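Protein chains: 2
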Amino acid sequence: MTDKNILTEVSTPSKTFRGFNPTKGEWLTTEFTESSPEAVAAAAEKAEAAFLIYRKKTGAERADFLQKIGEEIMNLGDALITLCQEESGLPEARLQGERGRTIGQLNMFAALLREGSWVDATVDTAIPDRKPLPKSDLRRMNIALGPVGIFGASNFPLAFSVAGGDTASALAAGCTVVVKGHPAHPGTSQLMAAAVLRAAQATNMPDGVFSMVHGQSTAVGMDLVEHPLIKAIGFTGSYRGGKALFDAAARRPEPIPVYAEMGSTNPVFILPGALKERGENLAQGLATSVTMGVGQFCTNPGLVVAQQSTEAEKFLNKTTEVFTGLSAGTMLTPTIKQAFDAGIQKLTQTAGVSVLATGISNESACGGTPHLLRTDATTFLATPEIGEEVFGPSTVYISATGKEELMAIANGLHGHLTATLQATPEDLVEYADLVAILERKVGRLLINGFPTGVEVCASMVHGGPFPATTDARTTSVGTAAIYRFSRPVCYQDFPDSVLPAELQNSNPLNIWRNVNGQLTKDKI
Amino acid sequence: MTDKNILTEVSTPSKTFRGFNPTKGEWLTTEFTESSPEAVAAAAEKAEAAFLIYRKKTGAERADFLQKIGEEIMNLGDALITLCQEESGLPEARLQGERGRTIGQLNMFAALLREGSWVDATVDTAIPDRKPLPKSDLRRMNIALGPVGIFGASNFPLAFSVAGGDTASALAAGCTVVVKGHPAHPGTSQLMAAAVLRAAQATNMPDGVFSMVHGQSTAVGMDLVEHPLIKAIGFTGSYRGGKALFDAAARRPEPIPVYAEMGSTNPVFILPGALKERGENLAQGLATSVTMGVGQFCTNPGLVVAQQSTEAEKFLNKTTEVFTGLSAGTMLTPTIKQAFDAGIQKLTQTAGVSVLATGISNESACGGTPHLLRTDATTFLATPEIGEEVFGPSTVYISATGKEELMAIANGLHGHLTATLQATPEDLVEYADLVAILERKVGRLLINGFPTGVEVCASMVHGGPFPATTDARTTSVGTAAIYRFSRPVCYQDFPDSVLPAELQNSNPLNIWRNVNGQLTKDKI
Chain A
7 MTDKNILTEV STPSKTFRGF NPTKGEWLTT EFTESSPEAV AAAAEKAEAA FLIYRKKTGA
67 ERADFLQKIG EEIMNLGDAL ITLCQEESGL PEARLQGERG RTIGQLNMFA ALLREGSWVD
127 ATVDTAIPDR KPLPKSDLRR MNIALGPVGI FGASNFPLAF SVAGGDTASA LAAGCTVVVK
187 GHPAHPGTSQ LMAAAVLRAA QATNMPDGVF SMVHGQSTAV GMDLVEHPLI KAIGFTGSYR
247 GGKALFDAAA RRPEPIPVYA EMGSTNPVFI LPGALKERGE NLAQGLATSV TMGVGQFCTN
307 PGLVVAQQST EAEKFLNKTT EVFTGLSAGT MLTPTIKQAF DAGIQKLTQT AGVSVLATGI
367 SNESACGGTP HLLRTDATTF LATPEIGEEV FGPSTVYISA TGKEELMAIA NGLHGHLTAT
427 LQATPEDLVE YADLVAILER KVGRLLINGF PTGVEVCASM VHGGPFPATT DARTTSVGTA
487 AIYRFSRPVC YQDFPDSVLP AELQNSNPLN IWRNVNGQLT KDKI
Chain B
7 MTDKNILTEV STPSKTFRGF NPTKGEWLTT EFTESSPEAV AAAAEKAEAA FLIYRKKTGA
67 ERADFLQKIG EEIMNLGDAL ITLCQEESGL PEARLQGERG RTIGQLNMFA ALLREGSWVD
127 ATVDTAIPDR KPLPKSDLRR MNIALGPVGI FGASNFPLAF SVAGGDTASA LAAGCTVVVK
187 GHPAHPGTSQ LMAAAVLRAA QATNMPDGVF SMVHGQSTAV GMDLVEHPLI KAIGFTGSYR
247 GGKALFDAAA RRPEPIPVYA EMGSTNPVFI LPGALKERGE NLAQGLATSV TMGVGQFCTN
307 PGLVVAQQST EAEKFLNKTT EVFTGLSAGT MLTPTIKQAF DAGIQKLTQT AGVSVLATGI
367 SNESACGGTP HLLRTDATTF LATPEIGEEV FGPSTVYISA TGKEELMAIA NGLHGHLTAT
427 LQATPEDLVE YADLVAILER KVGRLLINGF PTGVEVCASM VHGGPFPATT DARTTSVGTA
487 AIYRFSRPVC YQDFPDSVLP AELQNSNPLN IWRNVNGQLT KDKI
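As they're listed, the protein sequences go chains A and B. Residue numbers for the first sequence follow my numbering, beginning at 7 and rising by one. Residue numbers for the second sequence follow my numbering, beginning at 7 and rising by one.
Source of the hints: derived by calculation from the structure; they are not laboratory data.
Copies of the same chain are indistinguishable here, so a pair counts whether it falls within one copy or spans any two.
DSBU-like cross-link-like pairs, simulated, lysine-lysine; straight-line CA separation at most 35 Å:
| id | residue 1 | residue 2 |
| --- | --- | --- |
| 1 | 282 | 409 |
| 2 | 529 | 141 |
| 3 | 320 | 141 |
| 4 | 141 | 527 |
| 5 | 409 | 324 |
| 6 | 30 | 137 |
| 7 | 63 | 527 |
Small disclaimer: the values here were computed from a predicted structure and weren't measured.
Chain A extracted, bound-state conformation (with noise of 0.2 Å):
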């Protein structure tokens, strides 16, 4: 397997672009070559011609590929940790925690595959007598809808990438993938998608079961997008990038479903027991979240509301100490490190909003230095742009007089990924209604922790209503993300030959069934 083989090649290379160094604030110096619509389309063609093959493989098989592309992963060793280094400015022992979520997401939609019952069998048998008419045999199960389109992310260059969350979950579903790598990691895409072709080739997958383009432009991934054999797209990224593949989707001659993550500001309530009880704690808890991977994830807290109060003002005391003693980070990229500053700015020029505290900076190329704001809850309720996401290591503290506006803020929220609350038990009795709020605006709520740190697990909700999603039915993160990419499909009256193994009568996979209202592993 040649490198020739991961990017469907080119006729006329017209444009290419090369990874930038955010540490060193240099151009990496090789080049890639943006895929020009011809490939984009033969991609999607190779898609089509291996999902007849790959959509009939079994579970156990997909589960063997998924496998073997955590262990080529692996096999990259330490070229991809450096190379990704370079070209993300993220620390070592990061990427390599990262690579290990990767390699364990592989591996836990694997599992999921092994046991099968994700299909969601479910069977009514036929009852020949029934008057006045006779019941026909009924089964159903998920099958796979097609190629899908993937977009790697920039802020997780392995777990959210090439051969990230997405890609498992559909690659797990049955479908086949063509990924549209970030332009921001190149190199670590180029190496990921020769893994993943490596694990296809050691398992006999399908030639096109994956394939990946390139290119900085936002043409490739219209391209991709608009491509009518692509039947669903996974994204990560930003509202306006997420928002164009939506509406791009919705008006193809056939749409398609479009599941663009797009980050949130993620409020956090700190409610007065909370702040009477550990004010301090929590202001380091805050600091540590907000600044965790120089502030670049989706789930970072960028509000945090509580009222006033002597509490209130230590815990912003403390707070702001924290701030002023953080170090600017290394951001992703020169664009990412420039729509910070930007956002910040804006920020400060908003009537009624004050900085607080600003961390330590530096004269780095991509520099992201931490800022504490604040404002007023009558200033947060008039003036929604404040409520924006600005992507890196800040947060804004709002104040409330009271209740009553804190509860306003909440009811005034649109949707994001998640929502916590600081609380005691009391505070948890006395603002139940606020649960019940939040509960209508976010994927997931928690309770005395941080939102950064997405466990990647069954129960995960990594989603949320517009417009932190474009789909809020769905998660990104954890097993459930198998079902954005399949659909239900109904078998009348099937002899048992002819029926998928998940619906046979002997239950031939052992997987959970719903049979005639009975949820079983028995045989019919």
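Knowing the structure of chain A, use the given hints to seat chain B on it.
For chain B alone, coordinates are given in the frame of chain A:
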């Protein structure tokens, strides 16, 4: 409860409309007022206020409400059937059956709620001593989307209208509902709405849990889709109508899901062995399915494909004979009758399409005369319009020269609700690829049946890829329809007392849950 509670009142009733008796060809006398934009907004606002209360009702309470709706529908007695007959032209027996189905659907969702496991409760318990990071307690379940808009269908004035499947599934999920009644049966809609409201009152449901708006113009529906408090749309009807709603919903500042079931032509493939074995019976079965309900079913088989052979000609002769003897039936509305006649005219004027048989027509205002048309595969493949739905009692027989052409037809299909194979066991072996092709095209695949007659059960999929629906990931018939109106929420580190009952340690509802990867009813 008086009639004025049924329709949100309008300040300046500007436009009225009346029902039409398609059998007699006469306008009915009762005048109905078209809902103003203010009336639609008021209904949405009431639905939002009610949602805050309704979504916290227990499953058992919602089940009581749904069952009570069924009882109140029965309490409408013969008056409902009589009025519905007048407005729809459908026969008494059919409407009695449809009433039974409507109540059956409500009871089915009530049973689903009482059982309770539909919320897909998934729990991953904490691992405080996990290295390098402790694991939080995470618990996920489905909650209701919010107030939703449901559009009544013309062809199921009871089972897919005011208190029909979409309303039942939305109310079951915990959504409040604003129905846009279909203008073809305004009186029936009004009676049914009154029944729902009586049930709401009897079971102590909040004011606004259900309301209805009326109108002939598309503006009323658009007002509903565009209202910011409405969070999803259910629709059954034409491609034009459904696609317009889908587009409007995607254009909203906050896009929302639209579940539009837009019908299809439901291809039937009659394979050589089946033709040989039972060609004559198939002729009778096909004619019955095509003309059932005067062909006014979304699953009406509008395309029949077979390969040239002596047996095929015999089958066709027999089908021609049967169709020639069929009588015209009364279609639902003059508009539907005109669209049917126009569709037939367009088909007969298409080069390469011929009329094999015309049933016995009548002179009534809404008479729909059965038509059997014929074309060949070459013409069909070159003229995709032949495959467009003609809503009514007609079907197009497509003669293929051999297996290759038959497979080309299958490959070229867009999305349909159903596809059917008439096949012997030997056919199924020889045409195994055909099943694989059709799986990608439809929501339901049948062997040796006919697609009309949609069983209401857990395993049903009444849906399919675009343009059959705007969301292939769902079904509008059967218990799985509840998932259209819900989304997952994850609770992290919640004290047991603050969790919804479904997720509490003791499993007080005794539902099936996935706990740390194991499906169980055990407590935690």
